[in-house]
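**Student:** Residues per chain, in single letters:
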Amino acid sequence: RKEVEQDPGPFNVPEGATVAFNCTYSNSASQSFFWYRQDCRKEPKLLMSVYSSGNEDGRFTAQLNRASQYISLLIRDSKLSDSATYLCVVNNPSGTYKYIFGTGTRLKVLA
Amino acid sequence: DAGVTQSPTHLIKTRGQHVTLRCSPISGHKSVSWYQQVLGQGPQFIFQYYEKEERGRGNFPDRFSARQFPNYSSELNVNALLLGDSALYLCASSPVGGYTEAFFGQGTRLTVV
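These protein sequence lines are chains A and B, in that order. With the numbering used here applied, the first sequence closes on residue 111, and no number is skipped along the way. With the numbering used here applied, the second sequence closes on residue 224, and no number is skipped along the way.
Take these hints with a grain of salt, some might be off.
[Stated by the list, open to error] Covered stretches of chain A, going by a simulated chain B footprint (3 or more residues, C-beta under 8 Å): (1) 65-71; (2) 97-106.
[Unchecked claim] Computed cross-link-like contacts, PhoX-like style, restricted to lysine-lysine with a CA-CA straight-line distance of at most 25 Å: (3) A:K2 with A:K45; (4) A:K79 with A:K2; (5) A:K42 with A:K79; (6) A:K42 with B:K141; (7) A:K108 with A:K42; (8) A:K108 with A:K79; (9) A:K45 with B:K141; (10) B:K141 with B:K163; (11) A:K42 with B:K124.
Hints were generated in silico from the structure; no laboratory data involved. Backbone N, C-alpha and C fix where the C-beta goes; we use that ideal spot for every residue, glycine too.
Bound conformation, chain A alone (with noise of 0.2 Å):
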């Protein structure tokens, strides 16, 4: 089992759609967790920690399931924009300070 998975789609979705991807990973002890963006040949760019009680930036909304290991991010009014890899990242805990990527969900909005 990967140690962080993502549904790699791509999602194509219309303007305006609602879009929620999902990330499972495998360490119970993990305490990090970030959803960065990565647009195509370019550096990923951090959008943003993930709390236990949840939390929401703007039209970005994650939600964080310890009991089940799963960590979500939802768009809303998803803008042309937003099209790029969504990245899933969480600590691994065993004091390498090292952080574990999934591969990445890509998002493409259409017109």
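Based on these hints, arrange chain B on the given structure of chain A.
**Tutor:** Leaving out everything else, chain B in the frame of chain A:
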């Protein structure tokens, strides 16, 4: 404000050669991590340095080494390059070591021929 800067942005090397990649973190950040990203995959952790000490190492061969300087900038060195080392090498900067938010530079795209 300057973000994370990496140099060079692109590099072509021949198998067996050595390469040095450089990274300057965000001003005030004391931790630098290195990641390798091959096409279609997420970044893979190589090293983390904090206050000039190695704090973490991923599953990469000894051909990969790194160091951090007193000004918190960092170098990643790869010896005896293989075709499989072709990738985007990313440097991430964090205020402190450990599991804090990380900010990436634009990366160095290395092609080994």
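**Student:** Hint by hint, work out which the structure violates, then give me just those numbers in ascending order.
**Tutor:** 1, 4
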